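Protein sequence lines, in the order shown, are assigned to chains A and B.
Quick note, the first sequence lines up with residues 1 to 362 if you use this note's numbering.
Quick note, the second sequence lines up with residues 1 to 277 if you use this note's numbering.
FYI, nobody ran anything at the bench for these hints, they're computed from the structure.
Bear in mind that the values here come from a model prediction, so they are computed numbers and not experimental data.
Do not take every clue at face value.
What the hints assert, rightly or not - Calculated cross-link-like contacts (lysine-lysine; reagent style PhoX-like; alpha-carbon spacing at most 20 Å):
1. A:Lys224 to A:Lys168
2. A:Lys71 to B:Lys232
3. A:Lys204 to A:Lys162
4. A:Lys347 to B:Lys232
5. A:Lys113 to A:Lys144
6. A:Lys162 to A:Lys263
Said to hold, decoys possible - A short, non-exhaustive set of chain B residues, derived as facing chain A with CB atoms under 10 Å:
7. Thr43
8. Asp66
9. Gly221
10. Gly223
11. Asn229
As the list claims (entries may be wrong) - Only some residues are given here: those of chain A computed to face chain B with a beta carbon under 8 Å:
12. Ala29
13. Ala215
14. Ser278
15. Pro282
16. Asp283
17. Lys360
The beta carbon of each residue, even a glycine, is placed where N, CA and C say it ideally should be.
Each chain, letter by letter, is given below.
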Amino acid sequence: MKSPSYQRRLLAVVLPALLLLASLPARAADTLYLYNWNNYISEDTVQRFEAHCRCRLKQDYYSDNEEMLAKLEAGAVGYDVLVPTGNAVESLVRRNALREIDRARLPNLRNIKREFLDTWFDPGNRYSVPYATSVTLIGFNANKMQELGLPTDSWALIFEPKHLKKIKGRVTVLNSQRELMAAAMRYLGHSVQEHDPARWEEAKQVILRAKPYWAAFSNSTYIKDLAIGTIWVAHGYSNDMWRAQQDAAAAKRPFAIGFATPKEGAVLAVDNFVLHKSGRRPDLAHQFIDFMLAGENAADVSNLIGAGNPNGAATPRILPEIAANPGIFPPPAELQRLEMLRDFDPKLRRTLSRMWTEIKVR
Amino acid sequence: MSEPRTQPSGLTKWVVTLPPTIFLLAFFLVPALIVVLAGFRETGEFGGLAPLPQLSLDAYRFLGGDVIYLEIFARSFLVAALTTLICIVLAYPLAWLIARSPKQRRDFLVLLVILPFASNFLVRIYAWIMLLGPVNLLYTPFAVIVGMVYAHLPFMVLPLYTNLEKHDPALLEAAQDLGANAWTRFWRVTFPLSLPGIFSGSALVFIPVLGMFAVPELLGGTGDILIGNLIKEQFLENRDWPLGSALSIMLTICVLLLAGLTAWGSKRGLHGTEAVT
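Please model the complete structure; the sequences and the hints are all you need to start from.
Encoded structure:
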């Protein structure tokens with residue numbers, strides 16, 4: 001096996017491979033690196049942007065903020081643009097990981113509705129530009145709810161045993177400490193940004209009382225479960241509920257999926273474009289963000305996945321059934337009752353995690 | 001190539017063993033040490049870790065002062081033990097059948113056993129969602145066990161088959177000549193000889209099941225949380241790296257103890273084999 005000809009053959013394979021590797025960066029000169037949520041920008045939009053900037057847009061994907069933050073914290077570099085949710089923006093700003101936005105290069109920023117600018121996580125929008133929104137709410141099998149006479153406009157549907165008795169084993173809630181406990185907090189009339197552990201303890205009790213009636217904690221399977229009819233009530237994100245609604249209609253199911261924001265209030269998530277410090281092409285990044293701020297491009301994400309849209313110029317280009325859906329586009333009065341999740345200090349985080357573990361085990 | 005060499009030369013030995021050694025040092029030992037260290041550090045204000053000088057036993061103290069975490073460990077061990085047991089019961093006849101089938105067909109049968117690996121693990125688990133959903137068994141502890149057994153069965157079949165294939169049929173004939181019935185032949189000859197296979201198969205099933213988080217997350221109900229889920233939650237959603245690290249270290253210690261036990265057990269099994277042969 002150790003004949004010289006073998007070694008020569010090995011070299012013949014390895015050397016060209018190395019040369020190929022070395023030549024890659026040169027070809028990647030005009031490329032914008034976007035670290036994005038799965039399925040969060042339509043293929044059309046990408047192609048139009050690539051034609052517009054005569055560059056390439058390369059995407060990596062994550063499925064939650066924590067995954068993205070963990071990867072960046074572990075030292076991932078080279079991403080020009082990220083799409084974090086509000087609390088993750090705050091966290092990135094505090095860690096000094098973001099590049100300031102040059103607003104002079106973003107003329108289309110005027111398209112953003114005023115209520116989505118100048119938020120607590122980035123006063124004055126020094127670092128972030130809002131892209132899309134979702135509300136954490138309740139999705140339901142409309143026919144079943146009517147049949148059983150259940151209220152669909154309140155968190156009571158997933159927390160009150162007297163309602164749950166009728167739908168035992170047909171309910172899923174998010175497998176997310178932050179989201180589920182926030183829902184219970186709103187149901188109790190507390191803020192989701194509450195700092196008093198005693199209040200959170202109340203939320204834990206509400207959850208423990210309701211838990212025996214739930215089928216599962218589910219972060220993704222509820223879309224399919226709702227659409228095929230095995231689950232009747234799900235706690236989840238508005239864009240997922242929209243998807244389940246579309247799927248059920250497309251499969252001509254004998255029932256319809258509805259979703260509504262509970263009257264007690266809910267969690268609003270705003271995802272934003274930000275520039276990561278490690279990005280090599282802030283020029284392309286600004287170009288990209290401004291392109292995405294144009295109404296016709298901003299509208300695509302709403303039409304693609306049923307996301308809410310902070311862009312006023314996009315509204316006329318969004319399908320009417322999406323634009324008129326109060327679960328996706330909260331009316332101004334309802335917007336007052338929506339709160340964003342905010343990160344807590346390590347001590348409260350550990351306390352809440354302990355409560356969450358107890359919820360899972362009991 | 002002219003004369004066969006059994007002992008590789010010094011240089012070849014280095015060339016062959018260096019890359020895997022470096023790989024293991026860089027990608028296993030160093031990260032493991034980082035995790036050990038992280039367990040003694042404090043959480044940073046916005047996730048991650050606080051600056052280095054602060055070292056503390058906080059994470060361990062937090063875990064130690066609470067039976068709830070012990071409960072999850074106990075539950076995970078129970079699930080892993082049950083999965084292993086079911087795998088042994090299911091895999092043994094299958095491995096035995098393959099080992100006893102005609103030689104030219106064996107490779108094909110082994111190929112069938114590992115064929116599921118050709119598709120992605122998560123896709124196969126999603127298939128179980130489709131299968132268990134309509135019969136109302138989804139989101140139950142039963143579904144978790146089914147998923148675990150399904151995912152790990154080949155890891156039990158293969159070592160068992162490798163072991164059973166090597167058994168000398170003459171032993172069974174001799175036992176028969178000496179008046180042993182079918183059950184006695186199995187229990188006194190085949191089974192003791194197959195113990196090393198059972199031990200290595202059990203290690204290959206038990207240890208991964210302990211840390212598995214995808215199966216309980218996708219198939220499990222509201223109470224099916226295992227250590228794997230707990231650790232994942234600390235690193236991702238809760239961003240409490242010290243607590244996650246402390247949990248990982250505790251799990252690793254448990255696994256190492258078990259692996260040691262298995263190694264010891266299979267050695268004993270081998271000695272038993274020598275006694276029989």
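Now for the hints, and whether the structure bears them out:
Simply put, A:Lys224 and A:Lys168 have alpha-carbon atoms about 19 Å apart, close enough for the 20 Å limit, and the pair holds. Restraint check for A:Lys71 and B:Lys232: the C-alpha separation of about 14 Å stays at or below 20 Å, so the hint holds. Restraint check for A:Lys204 and A:Lys162: the C-alpha separation of about 18 Å stays at or below 20 Å, so the hint holds. The straight-line distance between the Cα atoms of A:Lys347 and B:Lys232 is roughly 19 Å, inside the 20 Å bound, and the hint therefore holds.
Distance hint between A:Lys113 and A:Lys144 is unfulfilled; the C-alpha atoms sit about 37 Å from each other, more than 20 Å. A threshold of 20 Å between alpha carbons decides the hint, and for A:Lys162 with A:Lys263 the separation of about 18 Å falls inside it, so the pair holds. The interface hint given for B:Thr43 holds, since its Cβ lies 4 Å from the closest Cβ of chain A, which is under the 10 Å cut-off. For B:Asp66, the interface hint holds, the least distance from its beta-carbon to any beta-carbon of chain A being 7 Å, beneath 10 Å.
For B:Gly221, the suggested interface contact is upheld, since its CB lies about 5 Å from the closest CB of chain A, less than 10 Å. Taking 10 Å as the C-beta cut-off, the interface hint given for B:Gly223 holds, the closest approach to chain A being about 7 Å. For B:Asn229, the interface hint holds, since its Cβ comes within 10 Å of a Cβ in chain A; the closest pair sits about 8 Å apart. For A:Ala29, the interface hint is violated, since its Cβ never comes within 8 Å of a Cβ in chain B; the closest pair sits about 31 Å apart.
With its C-beta approaching chain B no nearer than about 5 Å, A:Ala215 sits inside the 8 Å limit, and its interface hint holds. Given the 8 Å rule on beta carbons, the hint for A:Ser278 is violated: about 16 Å separates it from the nearest Cβ of chain B. Interface restraint check for A:Pro282: the shortest CB-CB distance to chain B comes to about 24 Å, outside 8 Å, so the restraint is violated. Restraint check, A:Asp283 versus chain B: the minimum CB separation of about 29 Å is more than 8 Å; hint violated.
Because the beta carbon of A:Lys360 sits about 4 Å from the nearest beta carbon in chain B, less than 8 Å, this interface hint is met.
Violation of the numbered hints given earlier is confined to hints 5, 12, 14, 15 and 16; the remaining hints are satisfied by the structure.
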